[in-house]
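Position chains B and C relative to chain A; hints supplied.
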Amino acid sequence: MTFTIPSFHLSSIGPWLTLTVTAILILVLDALSPKGRKVCFSWLALAGLAVAAFQTIGLWGSTGTDFARMVYIDDFANFFYLIFILGAALTVLISRQYLEDYGKNMGEYYALIIFATVGMMLMAAGSHLIMIFLGLEIMSIAVYVLAGLFREDLRSNEAALKYLILGSFSSAFLLFGMAMLYGASGGTLFLNDLPLRLGADPAMAPLVLLGVGLLIVGFGFKVAAAPFHMWTPDVYEGAPTSVTAFMAVAVKAAAFAAFARVFFLAFPAIKVDWNMVLWVLAVATMTIGNVAAISQTNIKRMLAYSSIAHAGYLLMAMVAANQLGAMSLLYYLLAYTLMNLGAFGVVILVGRKKDSYLNIYDYSGLGAAHPVLAASMALFMFALAGIPPTAGFVGKFYIFSAAIQAGYIWLAIIGVMNSLVSVFYYLRITVLMYMKPAEADLGPVVFSPALTAVVALTAAGVLAIGIFPGCLYNLAMNAVKIFPGL
Amino acid sequence: MVVPVQYYLALSVALFALGVIGVLIRRNALVIYMCIEMMLNAVNLAFIGFADYFKAVDGQMFVFFVLTVAAAEVAVGLALIVAIFRNRGDVYVDNLNILKW
Amino acid sequence: MLINYVPILIFTVVAIGLVAVIVVLSELLGKKKHFPSKDMPYECGMDPIGDARHRYTVRFYVIAMFFIVFDIEAIFFFPWAVVFKSLGWFGFWEMLVFIGIISVGLVYVWGKGALEWE
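Residue numbers (the numbering used here), protein chains in the order written: chain A, 1 to 486; chain B, 1 to 101; chain C, 1 to 118.
Treat the hints with care, since some could be wrong.
[What the hints assert, rightly or not] Pair ranges (Cβ atoms, derived):
no.	chain 1	residue 1	chain 2	residue 2	range
1	A	Ala205	C	Phe78	33 to 39 Å
2	C	Phe78	B	Val31	29 to 35 Å
3	C	Phe60	A	Ser62	47 to 53 Å
4	A	Gly470	B	Leu18	28 to 34 Å
5	C	Trp80	A	Val21	48 to 54 Å
Simulated from the structure, these hints should not be mistaken for laboratory data.
For every residue, glycine included, the Cβ atom is placed at its ideal position computed from N, Cα and C.
Chain A extracted, bound-state conformation (with noise of 0.2 Å):
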């Protein structure tokens, strides 16, 4: 038995292994540095991050396969690394205050992040579903513990064992679906091989719709979209905020991509079986999370159903399965990731030292004690709500435009009336912060010089891309020209 090396270029993975070794460089500093003394691992992820984002813009335009045809090498997953990279960076940017005010500032932290970050990369690019399914349990396992940073709160605690286990158990499912699919195939895992490996044999159908089935469950928990949502909510409340923010944006993010290079490339055949369950699951996971939204009092658990409504939006992009629907996709995931992290970021700013104030009712008066920082609030709720001339509303519109070219003229008026009712509790906020007086002095917010340049980038950016959603179009118009089938 011999066997030759495939040829690979290290360069075609080149943010991974950039991001591998600043998280590992992190680590041994950290274990190594004597107690005591703070080394600025911020600093050093920072750096990293914005290594592995110029590498990825050096890679940009390259298209085709490497080591071995595991890895895909195109703008689809550049699209989506630039995503990961500006989310983690956003998150290292806003936990560092946050982190120091719970004495918890710690090497580990910014490493799982980058690890996270890099579990992400492999989803976005991966071709075969062994480096998929690695790739979501490097980002989920990275995530299980930054849930339970906080080693000695309850909450963080209990947040951390419900994500686990429902973490792992969803794992499980999507692991059973990859095995059917593999028993369907007749042996093949690649994602290319799939579409004529899966349709050879007609006696199989039933193996491959097991299989699709099992898959939409195992990403469903990961989007969060309904019925498989319940551990949202809990874990978004009792997690860390920046790691909320951080799980809100970026995992989605992978999640969805994952999700829908898959089914874009593997399964166009059988797109009218797996349409019929997203349409399903595309409203269920809107109205659920527009309807929970309203009744909520806790702005963190309010941004979690939230994030549950927009899972929605997304899987209506997903059912359309076109190319404008991919387009949007990509398009809405970057505004997704600017408006929540800056939303998150106000939390954080509001919740003053150790989150002591998360309730709505907190944000009353906030208008004119700090004028800027309600402004820019208001900016994330109207983005959110899809209130031009944000992101949002730019996002929306091609996600509707798409589900109506597709002809689902119902999803999208459905659509359309959950962004109408999540108007309601966003500008509750807004009114709170400007037609309600403060109930009580809550303490002076300290503004942290990374908070509000977060706070500020995202405002700018959710503004820019909102008004001027032209090259961004363009560029994500030609990521998705890889998927051949839509």
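Structure of chains B and C alone, referenced to chain A:
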């Protein structure tokens, strides 16, 4: 003697179903965790059965990765369960109700 | 046919011989000192007699976690060892990188003081 692939599959589906039922009805976090491991092992069995049937090695490689990932998950899970036990003195999921379940 | 098993025979002889040498040498050279706790049957550091339902100290769980993680990583050596020769030097260096990454984990655990009993 060759074991037909259907037998592997039937056993794997049965194990998986038992695991799912266990996760849904048991109340001790450790036992729930063991049930999840059982589900993962059911997956492994299905992969090995198929890999043997098709004479393809990807399935067997997948099992290696599933095993390592399961070990990592167990390590994190044990750590969390120990942390919870230290904080509250039991590991029953019914008592994890500070956040609305 | 049977000649194929000679390496196993040699391996068995070496293994038994090595153990015998170690046991005999330590019997000859070592100091002999008896005290009660040393003469007790060994049971992983626990008191051998007592209630079976008593609670283990949490340190055991920590060690168990490290064991699971580091032990399972060894699984990747098996397929590698099977095709070691045909992989050549490239496979060797690749495995060294893998071991290196695992060692980083060990260094981290060590540096954090998690291996110390107290």
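Here's how the hints hold up against the structure:
no. : hint                            : verdict
1   : A:Ala205 to C:Phe78: 33 to 39 Å : holds (37 Å)
2   : C:Phe78 to B:Val31: 29 to 35 Å  : holds (31 Å)
3   : C:Phe60 to A:Ser62: 47 to 53 Å  : holds (51 Å)
4   : A:Gly470 to B:Leu18: 28 to 34 Å : violated (55 Å)
5   : C:Trp80 to A:Val21: 48 to 54 Å  : violated (23 Å)
Hint violations for this structure: numbers 4, 5, all remaining hints satisfied.
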